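Undergrad: One-letter residues, chain by chain:
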Amino acid sequence: MIKFSRVFKVYEKNIQALTDINFEVAKGEFVFLTGPSGAGKTTILKLLYREETPDMGSIIVDDTDISRLSSGKVPFYRRGIGFVFQDFKLIFERSIYENLALPLEITGAPSKFIRHTVMESLEKIGLAGRENHNPWHISGGEKQKVAIARALIMSPPVLLADEPTGNLDEASAGEIMKMFKDANAKGTTVLMASHNKEIISNSGFRAVRLRGGRVEE
Amino acid sequence: MIKFSRVFKVYEKNIQALTDINFEVAKGEFVFLTGPSGAGKTTILKLLYREETPDMGSIIVDDTDISRLSSGKVPFYRRGIGFVFQDFKLIFERSIYENLALPLEITGAPSKFIRHTVMESLEKIGLAGRENHNPWHISGGEKQKVAIARALIMSPPVLLADEPTGNLDEASAGEIMKMFKDANAKGTTVLMASHNKEIISNSGFRAVRLRGGRVEE
Amino acid sequence: MRLFREVVLNFKRSGFMSFVSIGTIILAVTMLGGFYIMQTVVNFAADQMQNRVEAVVFIKDGASAEEIKLLGDEITALSGVKEARYISKDDAYQDFAKDPEMQKILSSFEGNPLPDSISVKFNDYKAQEINSAVAAIKTKMAVEDVEYGAAEIEHLLNVINAVKYIAGAAGIIFVIAALLVVSNIIKLTIYNRRQDIYVLKMVGATGADIRLPFIFEGIAHGFLGGFLGWLILYAVVSFLAFQVKKETGIDLAAFYAFNPALLSPKFIFGMTGAGIVLGLTGSLMSQGRIFK
Amino acid sequence: MRLFREVVLNFKRSGFMSFVSIGTIILAVTMLGGFYIMQTVVNFAADQMQNRVEAVVFIKDGASAEEIKLLGDEITALSGVKEARYISKDDAYQDFAKDPEMQKILSSFEGNPLPDSISVKFNDYKAQEINSAVAAIKTKMAVEDVEYGAAEIEHLLNVINAVKYIAGAAGIIFVIAALLVVSNIIKLTIYNRRQDIYVLKMVGATGADIRLPFIFEGIAHGFLGGFLGWLILYAVVSFLAFQVKKETGIDLAAFYAFNPALLSPKFIFGMTGAGIVLGLTGSLMSQGRIFK
Ligand SMILES: Nc1ncnc2c1ncn2[C@@H]1O[C@H](COP(=O)(O)OP(=O)(O)OP(=O)(O)O)[C@@H](O)[C@H]1O
Ligand SMILES: Nc1ncnc2c1ncn2[C@@H]1O[C@H](COP(=O)(O)OP(=O)(O)OP(=O)(O)O)[C@@H](O)[C@H]1O
Ligand SMILES: [Mg+2]
Ligand SMILES: [Mg+2]
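Protein chains in written order, with my numbering: chain A, 1 to 217; chain B, 1 to 217; chain C, 1 to 292; chain D, 1 to 292.
Think of the hints as simulated: they come from the structure by calculation, not from any bench.
Any given hint might turn out to be false.
Calculated pairs, EDC-like style, for lysine to aspartate or glutamate (alpha carbon to alpha carbon, straight line, at most 16 Å) [to be verified]:
(1) B/Lys197 to A/Glu170
(2) A/Lys89 to C/Asp196
(3) A/Lys73 to A/Asp87
All values reported here derive from a predicted model rather than from experimental measurement.
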């Protein structure tokens, strides 16, 4: 499903973020990305999301080398991916409802279906009744839950999540992990960056360890 | 040093964030604020920072009721407080150096002193050499470290921190905790919101537990 | 559907920005419209004066009808000449005799002391052209003398011509200026929504998904701004005409450049159209930044 | 020190914004300056025509010198009258005799057929005022008749007067428009920096700490915009004058409204000053949002 081969990434100002990255994630697998701050976790996810392109190497997703994807195809590739940003990236000019509806609206889903899906999702994260509030006006943990709900709303075949439990207390983190595991059980391939050792070891899933831009061991 | 008495806070749209909050923090103490997402931790810190004012009750800091502070005095009150925002709030239009220099520049410190202090602080958080980079271009954990360095740069008598270790791996979190403890050892009163049970229990400091806007037990 | 909702949402959400953008278009369109009217009035004034610029060609006593006819044709063929009208000495006498003072003077002569003449009018007021035409006429056989009597309004015409010139240049500059302001404001709007746009791109919005709402927004702002601009201009001009009438007794509505033009569908559509073009061009000009 | 650095930093950092803001001030100031020059030219033209508006008061034969003197004083005292100049029949004769045709006609009389007269000029061209003045003069004892010969340029004067009026109103509207655009752009700038401002407030910046850089920025933009605006206007007008000269042979520099005025320190300071006032007012007008 996902395969990194000899991937290098250098940011401007000569910051070598990734050096010779090789790893594979099988279809339907749940894999953690872990490693200290600045190791390159977010960079790997950004490459998968086609926000950045590698300087060398190939990144195969579903038999296509996404680093060679034409820019016209990128939006459609992205519609198959759910992404939880490390800093949430909610749109403060739109209500919580609108934030969640966005990915569905773009694909042209009927508004009844959108309404149903969004309300169900709000129910799940315990924010039912606050759909018309501004995401600016909710707590850090609540923002994170909305960001996760937005990534899952399309039931995407691939889910990328960048520290999705960083701002959550243990109970909320547990709920969220359950949502991810449920999605995974339904066939979604999950790649999640996380520092949280407890969550990683409890889950029993495989972890790719990064340090200084290289895969460890 | 800090004393909340019968504090109530209702946000617009009738969201009751805090109900009858009473607690005290002694001068030089290190206290954790803990509780599930949405419990009101950030709200308490915002009240202390005078970003919000309570609907009822008094908040005494250093013998003054800060909820009654005239708006002309607020800036000077804030200069005695270091604050680590849950979402960092770095200024992406300024370099990392400029972000750190800001609180010093506002007090009119001599530029030589500013330079020295900022470089020392960058050294401490392991970002020496990246002072001219844009904070947009660093990893989540690095942003958090810069935010913490900015809060500590004035060696403020009071330090408020909102989840300062959420985006950090264990090793970095340890370093940061050491910085806070050092500041505390030098006399700074610290109030820190955190979910991280391990850090709280390892530190041996007292924790104020919140749930649904009330202090527990 | 989504497109329409996005535009409406943007209107509601960024009310402040929309206000700025529509306001600028209103200003630009009002200025352009007012400018057009001013231009029309100046042109009207210049035309009126131009009609007064004439040279009178006095014909030698005893010139035959054919000679005069030929002379008239020759004059008409000169470059810059609009019309050459033959005035017989009798016509001239009758014309002068309308003024009682002149009548008194003329009646003291025996017979008619006035010569036959040709009155020459010119197309455009261009000093050089007129002077060379006059010089050319002077050399003709049947010509006694040429009186180019417009010298006294020549100076004024110079001024009005210069005003026309400058007004034309100012008009062009103004269109460019308005375009720059509008496109800059839309750029700022887009810049302000860069986070929004980033997220849209990240959840799979195509270029069109992102651009179209801005383009429609530009058109909508343009339409509103253009139409409101016309309304405002109409109100301002009407008020002004009222004031002018009160103070100087001049009825501006009497000049065809005024109210009737303001109310003509051509003018209303023109201003609304100018607004739409401004809004559309502004939003197209600002699109470059979206994908940066 | 910090203030200065902040302003310079803002210039560097938000280059795009600064460009928009300075650009708008340049446009506004250029328009205002060009407008002032157009206004001067129109005024000049109107004055020239106005000087031509005169009434000639023919005096009864045999009126005594005192009567004439008295009549002159009475006319001067009328509202709207600028000057009343006595022209004796001899002066009138000499004046007419300059024209050879007229000379011929006049010499056919015995003696001087022309009457004594008073030439009346008016302050402002206001039809009502002039008409009532003429009517009042007609009732005077020593007056034979009043010839108000300006009827033919009356229509033109109406037009020019209307243009002056409208130009004045457009000028006022333009100042307001420029102010709105500039203040809106500075508002947008501030809106764009709201995070920056929020953080500044949170680390203990006072109101002045936050406001002053914006105010100084406004002044700096205004100064630059004003001066560049003058440069541009100077270039445009010079180029225009060159073109006008080439095409129509009219030397605009001959009108005092042109190049000399453009180069006068008063004008340069005026435009730069207008820019500064715009920038400053714009930034003050936009301050309200900072603390929201
Ligand atoms: N500006 C606001 N307007 C309306 N409601 C708000 C606002 N800020 C916070 N709230 C609500 O107040 C409650 C307490 O929020 P607060 O941010 O204090 O929680 P928290 O303890 O910091 O949670 P977290 O751990 O998720 O950051 C939440 O229900 C939140 O949605
Ligand atoms: N846009 C950028 N320009 C320059 N350098 C960058 C950019 N983004 C990231 N970096 C650098 O690349 C390295 C890897 O960053 P990355 O964000 O992938 O780390 P991470 O593993 O996600 O860390 P964290 O756990 O702190 O989020 C870091 O040193 C970071 O400073
Ligand atoms: Mg990261
Ligand atoms: Mg919080």
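Undergrad: Of the hints given before, which are not true for this structure?
TA: Failing hint: just 3.
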